[in-house]
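Trainee: The listed protein sequences correspond, in order, to chains A and B.
FYI, in my numbering the residues of the first sequence are 16 to 123.
FYI, in my numbering the residues of the second sequence are 6 to 906.
By construction, these hints were calculated from the structure, which means they are not laboratory data.
One should not assume that every hint holds.
[Claimed, not checked] The following label-pair restraints were derived from C-beta to C-beta distances:
{"no.": "1", "chain 1": "B", "residue 1": "R89", "chain 2": "A", "residue 2": "G61", "range": "35 to 41 Å"}
{"no.": "2", "chain 1": "A", "residue 1": "G74", "chain 2": "B", "residue 2": "S383", "range": "50 to 56 Å"}
{"no.": "3", "chain 1": "B", "residue 1": "E411", "chain 2": "A", "residue 2": "S53", "range": "51 to 57 Å"}
{"no.": "4", "chain 1": "B", "residue 1": "E411", "chain 2": "A", "residue 2": "S25", "range": "43 to 49 Å"}
[Stated by the list, open to error] Rough simulated footprint, nothing fancy, chain B against chain A, three-plus residues with beta-carbon under 8 Å:
{"no.": "5", "region": "61-67"}
{"no.": "6", "region": "84-93"}
Cβ atoms here follow ideal geometry from the backbone N, Cα and C, with glycine treated the same way.
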Amino acid sequence: MSRQDALQGSLPLLVLKILDRRGPIHGYGITAQIEAISDVLRVEEGSLYPALHRLEEAGWVRAKWTTTENKRRARIYDITPAGRKQLQQEEGRWTLVAAAIGQVLREA
Amino acid sequence: MSWISRIANALHPGSSGSDLADELQFHLDQRAADLVRDGLPRDEAERLARRQLGSPLRLREASRDVKSAVWLESLLLDFRFGLRMISKYRKASLAAIASLALAVGACTAAFALVDALIFRPLPIAAPHQLIDLAKLLPAFLSTENQPHESTSFSYAQYQLLRGAAGGQADLFAMQNGVQLSLSDDSGGFSENIRAEIISGEGFQILGIRPALGRLIQPGDDSPANGNPVAVISYGFWKRRFGASPTAIGERLKMGRQSFQIVGVAATSFAGVEPGYLIDVWLPVSVASDPRSLSNPDGGDIRVWGRVRPEANRLQLRERLQAVLTNFLRERVLINPPSNLRGPQIEQFTHAPLRIRDASSGADSIFRIEFRRPLWVLSLICVLLLLLACSNVANLMLARASARDTEMALRLSLGAGRPRLMQQMLIESAQIAVAACILAVGFAAAAAPVMVARLGFSDSPAWLDVAPDAATVAFAITLSLVTTLLFGIVPAMRASAASPDAAIKSGGMQHSRRAGALRWMLAAEIGFSVAVLFLSGLLLRSFERLTSVDLGFTSDNVVLFDLGARQGGRESPRPSSVSGLLEFVRQLPGIRAASISLQRPMGGDLVWIQTPFIRLPGRPNETVRPREVPVSAGFFQTMQIRWIAGHDFPPEEVAGNSPSVIVNQAFVDKFFRGQDPIGKQFEKINDDPDPVRQQIIGVVGNARWNNLREPEEPSIYSPLRDIGNATLNIRTGSRAGPLIPGIRKQIAATASAFSVRGSILLRDQIDNTMIRERLLAMLAAFFSAVAMLLAAVGLYGVINYAALRRTREIGIRVALGARRRAVVGLILSETAVFVLLGIGLGIVGGLWMGRYLASQLFAVKPTDVWSLTAPTLSILLVALAAVLPPAIHAASADPLIALKYE
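Starting from the given sequences, assemble the full structure and let the hints guide the process.
Mentor: Here is the structure:
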């Protein structure tokens, strides 16, 4: 449970980052990527899609329907320029906060 | 995602929902495939995948909240649902829509009238800069003995003020309310027209452009100008010249003068007097009597102006006041006024000058006449609106109560209270929108009908009451406010329903709701009684007015406007007047003929002479009876009762005869108990020497100017000047068909006179009752509507209450209660609130009656009869509305009633 809690606030950040790095990709792909990179983080699948739709609503990602190799309809997501800018800000903020927390944990 | 797509998603919830399902399904399949690849069996893999993703319903909810405008979706749902409800409760909904439409429509029509007559700015550029000047004259200078505002200035005063205002304001002179008679080519009467006389700068300051030709210019002001000009209005141009450009250069003949048309004013401009369309504008110098223009102490010039945006109105006022007071002080020294003494002179010269906002035009007679009646009308309209609101609230509340179970079910299924309120308010709003549309239609149809009723028969009123932006905005605002008024109560009630209680009791919990209903009912009855009471006052006042003893017989009398014919230099010689009367009396069908200086029953349009007289034996006292100059034969023509003495001999028209005839009221007041014939008194005119008058006859009291006037002491004096007078003719049979013949005969024979417009004395009397007639007509209509609404509301509420208690009544009847007792139970519960409502209505009606007092004739605003009638009629209406449902409920079969529950 603690794993998921840690992820709650940062899910949009991770989604944006994955989209930035791995290009257009569908929702399940994002889950798979996050899990492939980190053993610790697991995406709460129930929150992924509302999160994606919120990002879409905010204009940071865009989505379109495509057909996969095995002729399935899939919705793939891609990051927008606005999303990239947001990602930079969020990433910077995250690093700052993480560093600060680390420092407190070390020196307190 | 944009707003558009959110709204699109709300409008088509299906498509976005299936997209989402596809996306989630894809996720599940991929996950399951991966798990199978990791070695899980297929069915277990699918189950695990589903578990990890979570409830698809919740996911869908979460995503939909993001993807579509939920509020819009819910609005749409409620909208459709509301329409279903309206068609389900068709009768109640139609009643609600109809009553609101009537009330909002009446209010909107009243607003359109008030706006067009009083508030709407003139169609000129920057109307709020327009001002006019008025002097506040002290009471002793007014016939009503009240301080009053006078807008009359002399031409010299105007010129002085205009010079003083320079830089701060641009002033111009006008004469408003001018009626002229247009002659045809041969000098005969053609038509009556309305004119405004305007100084050269006027049009330019007003900012009016010509539609054709030019407007009046400063050059036209010079009296030396040998070519008097006229500018005509667009409407007149179309009416008289068929909008032909050749109208420019044509001449308009009026009496002894003729004016050359030089231009047509812009389409939108019809003068500065709301209520009337102006036909012609004439320059000050040539249109006014030159003598009155050169008189520095008197005149009928109205000073208008446009204040410069940067000007300070207070400073401007100070400056103009100083100039005017100085001027009056000088004039008083040169030409001391005979009727003022000592301190009065000071008060006269220091009469405070006022700068008045004239953005909505001049206070025409029309506006002054109808301002109060329109406010009274508005007051009743507002009452009617409140009545309709409480009526609709009743209907809605009863309807909402019938849906208790529905509301309870929705609440227990998790509907939010705001959402329920939203739904109820939307249902109210639908009714309001429908009513609003109907109301604007009703107002658009009703307002012109009322305007047509406002005008005098020989000078029609004109008001632009077509629904404009302001009117429509008013109707919409009113509908919105009323929606809140009548919609909020049922909405609160519905959302306050307690699910378990409502479901459990299955409709037994009626006490609280019924309480609210009954209070609304009391309010409704109160408003109805108030409307009926006020309407009753107006109707009664009108009835009293029409049954006034005139003192003369009005049937078969026709009045002609008589004038000196064009070309004649002097007033026609008196001998020719008796000649004219002699001639007219010989014409076939004529019973009697006479001339009076003013039009009988002339109303506010006629100036009444009230000279000072000094009675014998009371040298230090003056009184002011009314003086009516008439020719011999007047009393015979009007059939005013003779009491003593004799009429003027025909030749007494001749002039300075001392003979007068007085009425009974005069004798009662000044010569009580004496034989008045041969008695003398002194009349004090402007001349320093009093004129001795001798009473030669006494006649009965007769109304002279209008029906409302008290029976005042009057003297009838022999007619002297007949420059403009009225020829009164009594015919043996109906007068109407004889008019053209009489006119033709006079034109052919009596060449010293011109006979202009004519009107039947009956119509002339009706003209003095227009206000009362209009108010009475509307009052009758409003009373009918109020009774109808009260009946509908009562029936709905009682019917609902009886239905709600079917089971209780069933039990009572089953336990042996007699039906009479059951009916009595239902009736007595309602009766308390009906009586309460009547009480409230009477109190409110009496309170509001004070505002009607000025419109009432011979009726006190606390008239008891006027209280009884509405009370009784509402009681009757209540009984008629209440009995059927009560009897129906009592006669219900107890078995069926109980089973039904």
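Trainee: State for each hint whether it applies.
Mentor: Here's how the hints hold up against the structure:
no.	hint	result
1	B:R89 to A:G61: 35 to 41 Å	holds (36 Å)
2	A:G74 to B:S383: 50 to 56 Å	holds (53 Å)
3	B:E411 to A:S53: 51 to 57 Å	holds (53 Å)
4	B:E411 to A:S25: 43 to 49 Å	holds (46 Å)
5	61-67	holds (count 3)
6	84-93	holds (count 4)
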